[in-house]
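Asks: In case you want the letters, here they are:
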Amino acid sequence: MKRKKKAKRKKGLSFVFCALVYLFLFLPISVIVANSFNATTTKPYMSWKGFTFDWYIKLWENSSLVDAFGTTMIIAIVSTLLATVIGTLGAIGMYRYKFKGKALIDGLLYIPVVIPEIVLGISLLTIFAKINIPRGMLTLILAHVTFCIPFVIFNVRARLSGYDNSIEEASMDLGANRLVTFFEITLPVLAPGILGGALLAFTLSIDDVIISYFVYGQTKTYPLKVMESVKSGVAPDVNALSTLVLIGTILFVVLTQGDLFKKNR
Amino acid sequence: MAGKRSKHEFRANTLPALLTVGPVTLVMVLLIAVPLIYVAVMSFCSIDEFYNVTFDFTLENYVRLANTDYLKIYAQSLIIAFLTTIICILIGYPFSYIIARTKSRKKRILYMLVIIPFWTNSLIRIYGWRTFLGSSGLLNALLIKLKIVSEPIEFLYKQGTTILGMVYCLIPFMILPLYTAIEKLDGSLLEASSDLGAKPVNTFIEVILPLTSGGIFSGSLMVFIPCLGYFFVSDILGGGNSDVIGNLIERQFQSGNNWPLGAALSIILIIVTLILVKIYQKLGGDMDSLGV
Amino acid sequence: MGKIVEIEGVNKIYGSNHVVRNLNLSVEEGEFLTLLGSSGCGKTTTLRMIAGFEEPTSGSIMVEGERVEDKEPFERNVNTVFQSYALFPHKTIYDNIAYGLKMKKVPKDEIKSRVLEMMDMVQLNGFEKRYPSQLSGGQKQRVAIARALINRPRVLLLDEPLGALDLKLRKQMQLELKRLQKKLNITFIYVTHDQEEALTMSDRIAVMHDGIIDQLASPAEIYEHPATKFVATFIGETNIYDGCITSITDGVATMTLENGAVTVNAPEDFSLLEYATISVRPEKMKFSTSPVEGFELVAQVKDYIYVGSVLKCVVSLPNGNELKIERLAGQELPPVGSKCYPYWNVDDAVLIHNESHYIFEALNNIKLA
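These protein sequence lines are chains B, U and D, in that order.
So the first sequence is numbered by my numbering: it starts at 3 and just counts up by one.
So the second sequence is numbered by my numbering: it starts at 7 and just counts up by one.
So the third sequence is numbered by my numbering: it starts at 158 and just counts up by one.
Pulled out of the complex, with its shape left as it was, chain B reads as follows (with noise of 0.2 Å):
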């Protein structure tokens, strides 16, 4: 039937932008990911020289990287806690009572949303200087948790936006107190909404690059740590520690979302 094969040609043109759109996005880590197995040994290591595991080995010798690798993960997680926490209690904060500067708070969250990464940065650098924070560690856990937390905040509140606040009253009049029905009914309830935003701080933390580096002091990040030596060619022990932060997060992503390749769900 005509109607049958016009709509197998435009399932099959569909196909084919999309094949084209997903090489596109994957085109960098695929070349990532074979360079960390290129032989070559002169900079900026860019033609393929061969096979070699040895910027695996070489890896584990170049403790700078290792550790800047280990401080992402530690501010990381360490912002993504307080983000979640912080950005959870305002949410329903906000959801809930009345108070004055309400509107102040509101928009004063959508600022590390709209405004270019740099600004902020720049912005906590010169306070930072001003009153003297030595900059590091402390320096760029708060930075992190500061544009982290509006994240947080707006998946909490699409949850909240479905939220009956009934189910509370009933716990109360079933004899639970606040704190009992807090932690009872309201964390429960709005668990997806604060994983997935806690998802998203995590993301956004380990991926950032530019608020970092005007907070970082001595205390390099992975991602700075690459920047540094994007000038004179990044050496592909680099690429071999994104290979493995990249089949880390593959995994993990397998692990928590394993029902999706399941064939019967």
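In short, the hints are calculated from the structure, not lab data.
The structure displayed is predicted, hence computed values, not measured ones.
C-beta atoms are modelled at their ideal positions from N, C-alpha and C, and glycine is treated no differently.
Any given hint might turn out to be false.
[Unchecked claim] Cross-link-like lysine-lysine pairs, in silico, PhoX-like; alpha carbons within 25 Å at most:
| id | chain 1 | residue 1 | chain 2 | residue 2 |
| --- | --- | --- | --- | --- |
| 1 | U | Lys205 | B | Lys8 |
| 2 | U | Lys288 | D | Lys286 |
| 3 | D | Lys496 | D | Lys459 |
| 4 | B | Lys13 | U | Lys109 |
| 5 | D | Lys325 | D | Lys335 |
| 6 | D | Lys261 | D | Lys286 |
| 7 | D | Lys441 | D | Lys386 |
| 8 | B | Lys6 | D | Lys228 |
| 9 | B | Lys104 | U | Lys151 |
| 10 | B | Lys6 | U | Lys109 |
| 11 | D | Lys228 | B | Lys10 |
| 12 | D | Lys160 | D | Lys339 |
| 13 | U | Lys112 | B | Lys12 |
| 14 | D | Lys269 | D | Lys340 |
| 15 | U | Lys113 | B | Lys10 |
| 16 | D | Lys228 | B | Lys4 |
| 17 | B | Lys6 | U | Lys205 |
| 18 | U | Lys109 | D | Lys340 |
| 19 | D | Lys481 | D | Lys469 |
| 20 | B | Lys8 | D | Lys261 |
| 21 | D | Lys339 | D | Lys325 |
| 22 | U | Lys113 | B | Lys13 |
| 23 | U | Lys288 | B | Lys51 |
| 24 | D | Lys228 | D | Lys160 |
[Claimed, not checked] Here are the simulated distance ranges between beta carbons:
| id | chain 1 | residue 1 | chain 2 | residue 2 | range |
| --- | --- | --- | --- | --- | --- |
| 25 | B | Asp175 | D | Gln291 | 35 to 43 Å |
| 26 | B | Ser168 | U | Ile211 | 41 to 49 Å |
| 27 | D | Gln291 | B | Ile133 | 48 to 56 Å |
| 28 | U | Arg114 | B | Tyr112 | 24 to 32 Å |
| 29 | U | Leu21 | B | Tyr112 | 24 to 32 Å |
| 30 | D | Gly465 | U | Lys113 | 51 to 59 Å |
| 31 | U | Lys13 | B | Val256 | 50 to 58 Å |
| 32 | B | Thr54 | D | Glu212 | 54 to 62 Å |
| 33 | U | Arg114 | D | Ser215 | 29 to 37 Å |
| 34 | D | His175 | B | Glu186 | 29 to 37 Å |
| 35 | B | Asn134 | U | Lys78 | 34 to 42 Å |
[To be verified] Which residues of chain B face chain D? A few of them, derived with a C-beta cut under 10 Å, are:
| id | residue |
| --- | --- |
| 36 | Arg5 |
| 37 | Lys6 |
| 38 | Lys8 |
| 39 | Ala9 |
| 40 | Arg11 |
Fit chains U and D to the known structure of chain B by using the hints.
Replies: Leaving out everything else, chains U and D in the frame of chain B:
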């Protein structure tokens, strides 16, 4: 009686409000509002011969920014951001449409496949492009091998390459809101349109486009604004030939060491942002659909 | 009157799900035909195949004598009123109704006069500039109908259009729809799961069940002479008796049930020793305090329920089956718990072939061949 009442009021409202909203207020005021005000103040300051900021009121920084060299870079920055946004829409819209309209569980896998690349650090991915496009890189090696060219082509250090990098970094910010908007689209509206005699192209113009324009607007905002600040993309791929406003700011705070001038540049960027956000709101954009 | 829609041998299969089975249906021009059935019976799929949103897996669909399977919805001269109304939320009421004419590139002046005329007809004058979100459910419904009717389709397809309205509004809209249909003389194919709605509005009803049409007939015929047990139980309340025909004399059969023999009219296509089903509506059931000739049923009065003009009696048979019997209120009745003898006038009971009957018939045909 009155005492009891206010005690109840305190326990039911004041205390929980303080506990929940207190921390976020503190962070937002101390680490967003105060620093930005400080930057605004600094933009009217000058520096002494030791590059220290001196607090005296001057418009000198803003006068310097009106210089033609700077104006050229603002224009270039806006052009790069504009082209990046357009390309993101052209690629992102049909792509989001296809995956959002995919039936069955494949949809979630397709969606995850968009997210996964962005869990590798953006800087490293941009460097991956550099490795791929460089004169001794993979693409040139391939082109020479296939005898399409005899000499390696220099892809790097061009404005087009910067735009490619920007598109690459920012396209998820276009795809995600578009995906959300298109997924919300009620299929029966498309059927109704077809039923009433509209050809697919008319259904697109009359129904699909207006109902998903919110996604296009928020996606455009989330692509356009960061583009003005992503200095590392033009650094790595454009090699200084395609600076954006972000590069100018970065230089003042690092090598140039003229913080007040950098602050003034940041204020310009903030003003541009505010204008764009106002336009977005005028177009009916919802602030809450940004960022989630 | 000619046939406006002819469906021949249509099947629709989704994966392993056979939704519509070898469907044959012809719709007369200008009639109000209802596809009635519970959810999943294939009625909506059938409608969507006529509209062009779904393609039949096999078979042919003709509209005005022309095959349409290969035509896109926008190429077909039929229009649909959607269950969810599917009004365009970003367009005003005026623009919603004008949409089909705009697509046909009708001149603006003509669009205007036709839209206003149509809005007048569905009593929506003055709502031109409103948006769908500003209307009530009933008003949205009228817009959806106006938007479809303005295109002067040869056939209007309605997919449970009144499903989202409250009872009172639904009753009112039923009458209005019927009035519109008569006035415009357009063929309506109407899908619903509400049997009362189907009985009120339709010229003919096709009762669908598991992808096939069990019976296609007028409302009275369907109610009074259900062709299958499913139709009998689906349309209205009824009492069902399964049994075996043990004698037939002059078109009157004696049927032996689990609880005793009863008498019923038997048309010619029923044969001796056939397993069959009797359906008797509650308002046709009677009971007496003394035995009735030709009926051996003995029951016990369980309960009386007053519902205004009638009294619903529940009596139970020895095997536990409960019968529903309606009596006019105000009559004297035996007390609850006492013995009673259910019966009916032989003309009031309907004898239905048991589904297994068809199997036997098929087997016989095979043997004969």
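Asks: For every hint, state whether the structure bears it out.
Replies: Against the structure, the hints come out as follows:
As the CA atoms of lysine 205(U) and lysine 8(B) are separated by approximately 14 Å, the hinted pair is consistent with the 25 Å bound. Distance hint between lysine 288(U) and lysine 286(D) is fulfilled; the C-alpha atoms sit about 21 Å from each other, no more than 25 Å. For the given pair, lysine 496(D) sits about 10 Å from lysine 459(D) by alpha-carbon distance, which is consistent with the 25 Å threshold. Distance check on the hinted pair: lysine 13(B) and lysine 109(U) sit about 13 Å apart at the alpha-carbon level, within 25 Å; holds.
Note on lysine 325(D) and lysine 335(D): the hinted pairing holds, with a Cα-Cα distance of about 16 Å set against a maximum of 25 Å. The hinted pair formed by lysine 261(D) and lysine 286(D) meets the criterion: a straight-line CA distance of about 22 Å does not exceed 25 Å. Among the hinted pairs, lysine 441(D) with lysine 386(D) is consistent with the structure: their alpha-carbon atoms are about 17 Å apart, no more than 25 Å. For the hint pairing lysine 6(B) with lysine 228(D), the CA-to-CA distance comes to about 11 Å; that is within 25 Å, so the pair holds.
Between lysine 104(B) and lysine 151(U) the alpha-carbon distance is near 64 Å, which puts this suggested pair outside the 25 Å criterion. For a cut-off of 25 Å, the pair hint linking lysine 6(B) to lysine 109(U) stands: about 17 Å separates their Cα positions. Our distance criterion of 25 Å between C-alpha atoms is met by lysine 228(D) and lysine 10(B), whose separation comes to about 16 Å. Distance hint between lysine 160(D) and lysine 339(D) is fulfilled; the C-alpha atoms sit about 17 Å from each other, no more than 25 Å.
Taking the CA atoms of lysine 112(U) and lysine 12(B), the gap is about 18 Å. The hint holds against a cut of 25 Å. Of the supplied pair hints, the one linking lysine 269(D) and lysine 340(D) holds, its CA atoms being roughly 22 Å apart against a limit of 25 Å. Straight-line distance between C-alpha atoms of lysine 113(U) and lysine 10(B) comes to about 19 Å, which keeps the hinted pair within the 25 Å bound. A distance of roughly 9 Å separates the Cα atoms of lysine 228(D) and lysine 4(B); the hinted pair therefore holds under the 25 Å criterion.
Note on lysine 6(B) and lysine 205(U): the hinted pairing holds, with a Cα-Cα distance of about 17 Å set against a maximum of 25 Å. Proximity of lysine 109(U) to lysine 340(D) is assessed by CA-CA distance (about 42 Å); at most 25 Å being required, the pair is judged violated. Restraint check: the Cα-Cα separation between lysine 481(D) and lysine 469(D) comes to about 7 Å, which is no more than 25 Å; the hinted pair holds. Proposed proximity of lysine 8(B) and lysine 261(D) is supported: the alpha carbons are some 23 Å apart, at most 25 Å.
The straight-line distance between the Cα atoms of lysine 339(D) and lysine 325(D) is roughly 22 Å, inside the 25 Å bound, and the hint therefore holds. Distance hint between lysine 113(U) and lysine 13(B) is fulfilled; the C-alpha atoms sit about 15 Å from each other, no more than 25 Å. Between lysine 288(U) and lysine 51(B) the CA atoms are separated by roughly 56 Å; this puts the pair beyond 25 Å, and the hint is violated. Of the supplied pair hints, the one linking lysine 228(D) and lysine 160(D) holds, its CA atoms being roughly 19 Å apart against a limit of 25 Å.
At roughly 38 Å, the beta carbons of aspartate 175(B) and glutamine 291(D) sit within the given window of 35 to 43 Å. In this structure, serine 168(B) and isoleucine 211(U) meet the distance hint of 41 to 49 Å, their C-beta atoms being roughly 44 Å apart. Between glutamine 291(D) and isoleucine 133(B) the beta carbon distance is about 54 Å. The supplied range of 48 to 56 Å therefore holds. Distance hint check for arginine 114(U) and tyrosine 112(B): the Cβ-Cβ separation is about 29 Å, which falls inside the suggested range of 24 to 32 Å.
Hint check: leucine 21(U) to tyrosine 112(B), Cβ distance near 28 Å, so the stated range 24 to 32 Å holds. Between glycine 465(D) and lysine 113(U) the CB atoms are about 54 Å apart, so this pair conforms to the stated range of 51 to 59 Å. At roughly 53 Å, the beta-carbon separation of lysine 13(U) and valine 256(B) lies within the given 50 to 58 Å, and the hint holds. With their beta carbons about 56 Å apart, threonine 54(B) and glutamate 212(D) fall inside the hinted range of 54 to 62 Å.
Range check, arginine 114(U) to serine 215(D): Cβ separation about 33 Å, and the 29 to 37 Å hint holds. At about 48 Å, the CB distance of histidine 175(D) to glutamate 186(B) disagrees with the hint of 29 to 37 Å. A hinted range of 34 to 42 Å holds for the C-beta pair asparagine 134(B) and lysine 78(U), which are about 38 Å apart. The beta carbon of arginine 5(B) comes within 6 Å of a beta carbon in chain D, closer than 10 Å, and the hint placing it at the interface holds.
Hint on lysine 6(B) holds. Least Cβ distance to chain D is approximately 7 Å, under the 10 Å limit. The restraint placing lysine 8(B) at the interface with chain D holds, with a minimum CB-CB distance near 9 Å, inside the 10 Å limit. Taken as an interface hint, alanine 9(B) checks out: its beta carbon lies about 9 Å from the nearest beta carbon of chain D, inside 10 Å. A hinted interface residue such as arginine 11(B) counts as satisfied when its beta carbon comes closer than 10 Å to some beta carbon of chain D; here the least separation is about 14 Å, so the hint is violated.
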